[in-house]
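Starting from the known structure of chain B, arrange chain W on it as the hints suggest.
Here is what each chain is made of, one letter per residue.
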Amino acid sequence: MEVDKGKGEAEETRKVAEADRDTVTLKSSDGKLFEVSKEAAARLSTVLAGMIAGGSIDDNGTDLKQIGSEALENVVDYCNKHANSIPSAALISSSISFNTAPFKEPEEWERKFVDRLSHDALFDLVEAANFLGMERLLDVTCHKISEMMKGKSPDQIREVFNIKNDYTKEELEEIRQELAWAFYDD
Amino acid sequence: MLWNPLTNACAVVSAPAAGQQGRTIAGYAHPVTGRFHLLHSSDVTVSDDPDLVAPITDRILGARTDARTHQPPCMELTEELIEEIFFRVPTDEPAYLVRAALVCKSWRRILCDRGFLRRYRVFHSRTPPPLGYLHNLYFQGPIPRFVRTSAASPAFTTPPSLVHNKSWRALDCRHGRVLARTLKHDDRLVVWDPMTGDQKHLSVPAYPNGRSYNGAVLCAAAVSKDDGPDGCCDHLGSCCPFVVVFIVADADRTVRASVYSSETNAWSAPSPAVHVDHLFDDRPSLLAGGAIHFAIVGGKSILKYNLVGHRLLVIDTPPPPPPLPADFALDMVMTRTKDGGLGFAAVVGGCVYLWTRTQPTGGWAQHKAMETPNVTDDDPTTSGVR
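Top to bottom, those sequences are chains B and W. 1 is the number of the first residue of the first sequence in full-length UniProt numbering; add one for each residue after it. 1 is the number of the first residue of the second sequence in full-length UniProt numbering; add one for each residue after it.
For reference, chain W alone in the conformation it holds in the complex:
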């Protein structure tokens, strides 16, 4: 049986046949992911009969209740103040909190508490810092596929299914999961949780004339939330269901989308088709305003997939700022605005330009620009704040 202390979810795994000798488990929760880990076992008779399983559940949950009320005799400060101290641990040093969890059981209990993790995030008023990034530069090159951005980032082990295949491409990374596609031999999509090592293999939806593709992975809770996933799910552990959006363009640039749901373990029927002028850009998609946005080569338009409604839409990107000609291919980056909508950013002449959607006309408003301190431009007519 597995028990997730954060959700109180219990599951019987590999239970021996009723009446046979089996083992009950006790363990601890990973302080970051909340995943339950086996610590030791003791022999008991295990049954898949719910009436017999329940006492084991109660025993584990009961032990947890006891731990909550247990006050360590050694702690000088109250739990409230210990929390205050943990709040001040820098967010870019996750190892500190993991080590702190090993100091004593009560510290571990504080750190594993979902409420604490939420308050920790609120205290630092921002999304958790990235631990690193995956790149597609070399399939077997000198640069590791996962590059750490913090000295204390975990050294993730790439799933054997990807290592053995050797040729694979990371399509997306969101809400604690990576979406990759194996390119040779066995064509599959792999959803991988680097923190837990869990992975799920999906068949690639069949599009016989497919020329270009891209994909996105996201927490299922984000689908029904227009204002983005923040607050609706904290993605602790791999227990929350996920959704994969896969888009394919035919040779004539007709695009359709298929959606996989881990809850139903099935792909949807293809969405109604739309037509695009160019194929997909390799850059990752953006989740904003209840839709996934995919970049298209040339940057003149983007493909929007509405999560509710299973519908694709092509929308034009903002025109480049004057004096650039309207057909100038500006390298724009999709961004998520403060209110959760779609925006764009681009650097022109040493200035960062930002665009947001104007309502209800649906045009683009350039409403903010700033000088970039690290980008220099020798031409004084094109630099400065606009």
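Bound conformation, chain B alone:
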């Protein structure tokens, strides 16, 4: 019983120490460790917020087996940049505007953040943002990908998204005729 109590106290001490820390350590699927601000992680990710509140953060690196090191590095980078950014006037004013759309346009730094990513890195980051419940990062990455469809023909979109055309030629021709207005600038 004594030993058990000692173990319990040690566990308690470790949890207190962990609670005092300003950062949490995350471990990617390939075993790399990343430090991220606890405040930013809790604010930006519903999943990490839940883990922090529930005490299930591992001091030696919380396992995120679904996320690769490159994507996790980008997640951490985004959290750190977000913590340092000051909400723009546009974001503040939009909250009291008549247009109550929940989606807010990415800020300049968010645009730059996703613009520098490769195609694969961007797609991996979308999945990571979704897995971690990072609504804002999902907004920004999905917005970027939706912009990649802008002004493109179905052929060009397939190329960007690496998608195989499973329509027959006849099916496509028929649909194009029916919906000619959507292809006015092809």
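Calculated from the structure, these hints are not laboratory results. This structure is a prediction, so every number in the text was calculated from the model and none was measured. Mixed in with the good hints there might be a few duds.
[As the list claims (entries may be wrong)] Derived pair list, reagent style BS3-like, types lysine-lysine, alpha-carbon separation capped at 25 Å:
no., chain 1, residue 1, chain 2, residue 2
1, B, Lys-81, B, Lys-112
2, B, Lys-164, W, Lys-338
3, B, Lys-32, B, Lys-65
4, B, Lys-104, B, Lys-150
5, B, Lys-104, B, Lys-32
6, W, Lys-184, W, Lys-200
7, W, Lys-338, B, Lys-152
8, B, Lys-164, B, Lys-150
9, B, Lys-104, B, Lys-81
10, B, Lys-104, W, Lys-200
11, B, Lys-112, B, Lys-38
12, B, Lys-152, B, Lys-169
13, W, Lys-105, B, Lys-169
14, B, Lys-150, W, Lys-105
15, B, Lys-81, B, Lys-27
Structure of chain W alone, referenced to chain B:
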């Protein structure tokens, strides 16, 4: 046979006589309207016997089920994330989503899903943007009757019945349908769905002493909903039934209303009459609080038609704000308030005034006013926020 993939409704059309050689069809749904379009056909024996039709129905619906479970080998992202990306496509660029539907069959399936379209609308927290407007300025003038408000708006083809008549007037446009009246030769009301091209011709209710008229078209589902049509029907496709309200004023300004229902394909008997001081204004009607509201020339009163109860009522508009005299003819616009009731808006001295109905007294409350950024007024005593 036609199949609407959104409703699973099937209908046999132009079926050859039993035992004759006919064709079964396969096709796709229009990503915006959900209308089913013929793609290719194959020869089979078709019968109007339900037992023989059923296997064809099953084949088409079965194919749909297979498509739902089919996972394309090429897609990098899950369907959930593809949806998230489609949500971020701007609402004022409908062509993007149509093009996306042509990328692969699984994308088309996502985009044609009624649940996706509903979530897309919720995501953008607002009603779909207008694709354009119809005007009655010139019957055959230099301005096209349909004016696009987005570069990607479809170029709707006016129904031949209206083009041939040349003189027609758009009375109303609501829930994806246009109500027009042909003015010469053949006097008719035409209900036209610009997205599908479908049209329905109605006889004009007979009012021998009619001097002034107006009309409204709305989804039948909105009739029984006091809080407006949002949520009760998303008006995808032309499958949902509709209602036309037609009001006529006699020379002595006695007004009656007739209602057409597409479900019964008949006009109702005229409603009990009410008296108005002036004839109808040309502006479109407003649906709010379970009633259709028609503007009356002069702006001092409006005509309210209760959808449930088939009853007309004349109600006074709010008095103009001081220092304007009470008899000042203020150009007021009917609006729908956030809670779905009737309201009014007017611009006076560079300010927008809004009025809502006060309950239970039935008076008007001016409860909000704001300065209009684009309306200037040189008189400092009449501008500013009140």
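Status of the hints after comparison with the structure:
Our distance criterion of 25 Å between C-alpha atoms is met by Lys-81 (chain B) and Lys-112 (chain B), whose separation comes to about 11 Å. Restraint check for Lys-164 (chain B) and Lys-338 (chain W): the C-alpha separation of about 46 Å exceeds 25 Å, so the hint is violated. Between Lys-32 (chain B) and Lys-65 (chain B) the alpha-carbon distance is near 11 Å, which keeps this suggested pair within the 25 Å criterion. Under the criterion of a C-alpha separation no larger than 25 Å, the hint pairing Lys-104 (chain B) with Lys-150 (chain B) is consistent with the structure, at around 18 Å.
Between Lys-104 (chain B) and Lys-32 (chain B) the CA atoms are separated by roughly 33 Å; this puts the pair beyond 25 Å, and the hint is violated. Restraint check: the Cα-Cα separation between Lys-184 (chain W) and Lys-200 (chain W) comes to about 18 Å, which is no more than 25 Å; the hinted pair holds. Restraint check for Lys-338 (chain W) and Lys-152 (chain B): not satisfied, since their Cα atoms lie roughly 38 Å apart, outside the 25 Å limit. For the hint linking Lys-164 (chain B) to Lys-150 (chain B), the alpha-carbon distance of about 19 Å falls within 25 Å, and the restraint holds.
Between Lys-104 (chain B) and Lys-81 (chain B) the alpha-carbon distance is near 18 Å, which keeps this suggested pair within the 25 Å criterion. Restraint check for Lys-104 (chain B) and Lys-200 (chain W): not satisfied, since their Cα atoms lie roughly 42 Å apart, outside the 25 Å limit. Distance hint between Lys-112 (chain B) and Lys-38 (chain B) is fulfilled; the C-alpha atoms sit about 24 Å from each other, no more than 25 Å. Of the pairs offered as hints, the one joining Lys-152 (chain B) and Lys-169 (chain B) holds, with about 19 Å between alpha carbons and a cut-off of 25 Å not exceeded.
The hinted pair formed by Lys-105 (chain W) and Lys-169 (chain B) meets the criterion: a straight-line CA distance of about 13 Å does not exceed 25 Å. Distance hint between Lys-150 (chain B) and Lys-105 (chain W) is fulfilled; the C-alpha atoms sit about 20 Å from each other, no more than 25 Å. Only pairs whose Cα atoms come within 25 Å are accepted, and Lys-81 (chain B) paired with Lys-27 (chain B) is accepted, the gap being roughly 20 Å.
Checked against the numbered hints above, the structure violates hints 2, 5, 7 and 10; every other hint is satisfied.
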